[in-house]
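S.K.: Here's the letter readout for the chains.
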Amino acid sequence: MSALVFAEHENGALRPATLNAVAAAAQMSDQVVLLVAGKDCGAAAEAAAKVAGVSKVVKVDSAEYEHTLAENLAPLIAELAKDHSHVVAAATTVGKNIMPRAAALLDVAQVSDIIEVVDAETFVRPIYAGNALATVKSSDAIKVVTVRGTNFEPVAAEGGSASIEDAGAAGDAGLSSFVGQSLSKSDRPELTSARIVISGGRGMQNGENFKMLEEVADKLNAAVGASRAAVDAGFVPNEYQVGQTGKVVAPDLYIAVGISGAIQHLAGMKDSKVIVAINKDEEAPIFQVADYGLVADLFKAVPELSQALD
Amino acid sequence: MKVLVPVKRVIDYNVKVRVKADQTGVELANVKMSMNPFDEIAVEEAIRMKEAGKAAEVVAVSVGPAQAQETIRTALAMGADRGIHVLHDGEVEPLAVAKMLKALVEKEQPGIVILGKQAIDDDCNQTGQMLSALLGWSQATFASKVEIGDGELTVTREVDGGLETVKVKTPAIVTTDLRLNEPRYASLPNIMKAKKKPIDQSTPAELGVDPAPRLATLKVTEPPKRQGGVKVADVAELVSKLKNEAKVI
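Keeping their order, the protein sequence lines are chains F and P.
Residue numbers 1 to 310, in our numbering, belong to the letters of the first sequence in order.
Residue numbers 1001 to 1249, in our numbering, belong to the letters of the second sequence in order.
It is possible that some hints are incorrect.
Said to hold, decoys possible - DSSO-like, lysine-lysine: derived pairs with alpha carbons at most 30 Å apart: (1) F/Lys185 - P/Lys1167; (2) F/Lys300 - P/Lys1231; (3) P/Lys1231 - F/Lys211; (4) F/Lys280 - P/Lys1247; (5) F/Lys270 - P/Lys1241.
Rather than coming from a laboratory, the hints here were simulated on the basis of the structure.
Looking at chain P on its own, in the form it has when it is part of the complex (with noise of 0.2 Å):
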């Protein structure tokens, strides 16, 4: 079986972002570039899946510029075998992303697809269920297990009220959660084993597919700032302006 790991090149999660002054976005230009922590996850999660002869083979596959060979590079060196890249510059959509990956995996034709949940830099939380959808297969959202079975995964998922658990028939969708494994660091043979290993280029075109957005961004805008307030010397200090200035024990 082989696995697709999509993954997408974001703004390193440690660097504070910062909005524009035109407010047509967040200053991309100099700032560190990482891979979508959730994709670090379904990046390890996939290894993991083969190291334990489940998959015979983990495809990386990122949407984006140029750049993000660099992203598809940091899964091969973890131990994807190979790569897919699909040009586009400029902000792509989750529905977008969607319809370019249906496409790859109607092509590779894979068991299992799994996607972060979500990119720390949208916030979107979509690809994977639309992925899905339009697949028409199964999926096992905000994962913290897998366990593979025969036709079927069965998946322990986060909740808002603790944990769930479904099973679900293969090929499926899986989207990951924080804490469904800790991903490795890519050793240096790793990473010079990585430069070797191959990654096809594609365009959205090739795929069928028109990436051009359904929402128009009117404005980007800082979120109003909250103002520190006081220190107080000690829990009675503490009590009494809760009490008496803020009221709201």
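Same shape as in the complex, but just chain F (with noise of 0.2 Å):
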């Protein structure tokens, strides 16, 4: 049988996420098969066909799949699945929203944010903000599964050659409807796909002072996030959350300034290959999980490390 994986897409290209994703069900399954549901998404599609590893593309154009709303793509993505052992999303807010309405539909369980296939139907995944892992066996005869993507190196977004299907929509369910959003802009990479994240905590005092951290980042071409703390503190934007019900990130180096390290917070980073932590607390939490700590008021550390970084 074969995996049908979910493909998250914008102006013709697929996100990066999608790729993890198909690294993930490669080891559920021999077949994988993208769905591009999208208006105008044929762009989409063209690059969902050139991902290595995917044997077909199933694209479904249609005005309804414009704006990603689950009461939309869950029906479709029920009707689809039918053809396959296994449906997979990345876990993403995108994913979070549409898939566990997808398994209701089809009357199996959803299993989330996994980061192991141990095999097509056993796979680990994190509970209690990854202070446990839990191995689970689905006795269901669609596995639906979103994937945390930092656990699965991506596939090849070149060098596949798939066929693409055209399918029909499921129609507008018409129960809710886009109405905006306000996405932050900026030039720096993606946190999620960083290779180096430096996030600010509570420490950071407020919201102007982050612009010490975006002076380095920029030097290293690095993501700026933050805690919860310096989140629920208004310093800024919701989507620089690093953490158990934020973004989980798994940089090559993270640097963690003016954060204490609550367990929600180490949830979302300890995958992280290299971690340095800067704090005024000798006893604060983080440096127990820090590759390389240092002592020392942020206010002073911060503008030096960007000094030494010219």
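Two independent chains are provided; combine them into the complex using the hints.
M.R.: Here it is as structure tokens:
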């Protein structure tokens, strides 16, 4: 049987997380089929057909899929799922919104946010903010799975030559409509795929001070993140949040500045290859996971770091 | 309009979770339990709807063991009007919970069901979406702002890139994100009053739902421990280590 992967795309290109989801799906099944649903999504389907390891692209081009509304996409996914053994999506806010709805329509359980494929029916997923790992086996005929991208190396975006097949739309459920969005614009890399991340916590004191981190980020081509405390205090917008309920990152280098290291924050970054902590409190729990700890006043250390990178 | 708020009893978010030596799960004996933090936000939002005159009644529901009554009492002390306790010992998965909630929704006929976006024990993030699917309702997940209109809700959602606004027809499912509101603390008089508020009893069988899990948990293990590293004296040493030892910059 085959694995159907829900592709996320924008402006004719696939979102990076889709490539991680394909990598996971390839471990569940020999055949990976990518579903590209959208309005005028021909270019995205072309891009999907080039992804390494994809055997077929199913394109559903219809207005009701222009915005990723779960009420419209879940019935489509549930209908197409009947030809597959697995339905897979990245555990992004889009995947998290749509997939449980599709699973319930199929009357199957969903396995959320997996970090490892043991075999076609068995998966490892973090529970309790990553403080425990559960190995679970699904007895459902169709396995619905969302994938934590940072635990699967993305497949190559080029090199494949899959066929593209058009499929019929499932119609507009008429339950919901898209009004608008306000997305942060940044020239820096995306938080979940950046090679280096520098994050600030409550110790930053205000949003203005995040400029210091941005300066370092620009020199390292890094993304800027934050702890929940910093987001709750209104220093930076919610999409900066790294942690159990925010984004999970696993960059080569994670620099935590003025972050104490609550369990919920560690859940979002402890798989980083190298962790640096800068904090004036030498008892801060963040130092227990940091490869390199610097006990210092961040308002002195961060400008020094910036200077040292010139 | 009635608002239904499902609440879950979970290990308190401040407790350091310990995996059992026999790998069957995590240690729950003598561990502090509390209401799932996202569900507290859901209860708060429902109460605010009532206080604003948009909701007539707030009903808190919990599926779980006898002690889940305490979690319902917490919701009642915050300001919910009455509770429904579906007694069930042992594991229960989001799909089964969604089916039980569907049966209760059909009985209670709420205009909105507000749930936490995920429980901090299994971190599934599924129940609201599944309930919405089973009911054929609209869903507004990860909400950071909810405005009640005529036959519809305008909801601001927290998405990966920032914020998104959708309009959904009522009846609707809403799931809460962290920044929807700051839940209140129950006052002592309200805690006393909550003791007199009614809690109806039910069971999965009465609701016509088989609670048997679809997923078998083969084992629960501790994640690999990360070793703390070294302290560096200053920024110069840090940069030198990152360049020469870790080779990441």
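S.K.: Would you mind confirming whether the straight-line C-alpha gap from F/Lys300 to P/Lys1231 stays at or under 30 Å?
M.R.: holds (17 Å)
S.K.: Regarding the pair F/Lys270 and P/Lys1241, is the alpha-carbon distance no greater than 30 Å?
M.R.: Holds, because 20 Å separates the two Cα atoms, which is no more than 30 Å.
S.K.: Are the Cα positions of P/Lys1231 and F/Lys211 separated by 30 Å at most?
M.R.: holds (26 Å)
S.K.: Between the alpha carbons of F/Lys280 and P/Lys1247, is the straight-line distance 30 Å or under?
M.R.: holds (25 Å)
S.K.: Is the Cα-Cα distance between F/Lys185 and P/Lys1167 30 Å or less?
M.R.: holds (24 Å)
No hint from the list above goes unmet by this structure.
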